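With the hints as extra help, turn the sequences into a complete structure.
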Amino acid sequence: MSQASIVSRLTQRRGVRQFVKFGIVGASGLAVNLLVFTLLQKTTTLPFWLLFSIGFMVGGVSNYFLNRVWTFRSDGHAAREGVQFLIVSFCALLVGNLTGWILKGPLAIHHDHTVWFLSTVSGMLLNFFANKYWTFRSVL
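Using this note's numbering, you'd call the opening residue of the sequence shown number -10 and step up by one each time.
Hints were generated in silico from the structure; no laboratory data involved. For clarity, every value in this text was computed on a predicted model and none was experimentally measured. Cβ atoms here follow ideal geometry from the backbone N, Cα and C, with glycine treated the same way. Please note that the accuracy of each hint is not assured.
[Unchecked claim] Pairwise CB distance ranges (calculated):
1) Gly94 x Arg126: 19 to 27 Å
2) Val58 x Phe118: 18 to 26 Å
3) Leu115 x Ala67: 21 to 29 Å
4) Val72 x Gly94: 30 to 38 Å
5) Leu24 x Trp90: 21 to 29 Å
[What the hints assert, rightly or not] Restricting the straight-line Cα-Cα distance to at most 20 Å, the calculated cross-link-like pairs of lysine to aspartate or glutamate (EDC-like) are:
6) Lys121 x Asp64
7) Lys10 x Asp101
8) Lys10 x Asp64
Structural data, given as structure tokens:
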């Protein structure tokens, strides 16, 4: 089977398309998150975990709207889905903060943007699958 055929078959699968869209939306949220994190880092003396948390949640709000409309094309109850999305985001945030604590503490990585990136990525799979199968389950 050719590579083009494999790629074609994969892109025809709804879950694969959704994961790619989720990644694109996530990249936009990552940009929002990084912008907020960096602006706060340069203008405040807030601790890393709080900078990370604020940036993460601001990026998460933009991700919710884009995922609802574009990735999952949901017509479910917006408030219910919004609350569920925030719960999933909070769980991913906890995973990210734990990752940041491990990287900055026991592993002694002191480059904040490296720690920020690895902390953000650490919750990505949890975020996708929990949102696909719980938050936007009406679209399945």
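Each hint tested on the structure:
1. For Gly94 paired with Arg126, a C-beta distance near 37 Å fails the hint of 19 to 27 Å.
2. Distance hint check: the CB atoms of Val58 and Phe118 are about 20 Å apart, consistent with the given range 18 to 26 Å.
3. Our hint of 21 to 29 Å for Leu115 and Ala67 holds, since their Cβ atoms are close to 22 Å apart.
4. Taken as a hint, the range 30 to 38 Å holds for the pair Val72 and Gly94, whose Cβ atoms sit roughly 32 Å apart.
5. Range check, Leu24 to Trp90: about 23 Å between beta-carbon atoms, so the 21 to 29 Å window is met.
6. For the hint pairing Lys121 with Asp64, the CA-to-CA distance comes to about 14 Å; that is within 20 Å, so the pair holds.
7. Annotation: proposed proximity of Lys10 to Asp101 is violated, straight-line Cα distance about 28 Å (limit 20 Å).
8. Taking the CA atoms of Lys10 and Asp64, the gap is about 17 Å. The hint holds against a cut of 20 Å.
When the structure is compared with the earlier hints, violations turn up for hints 1 and 7 and for no others.
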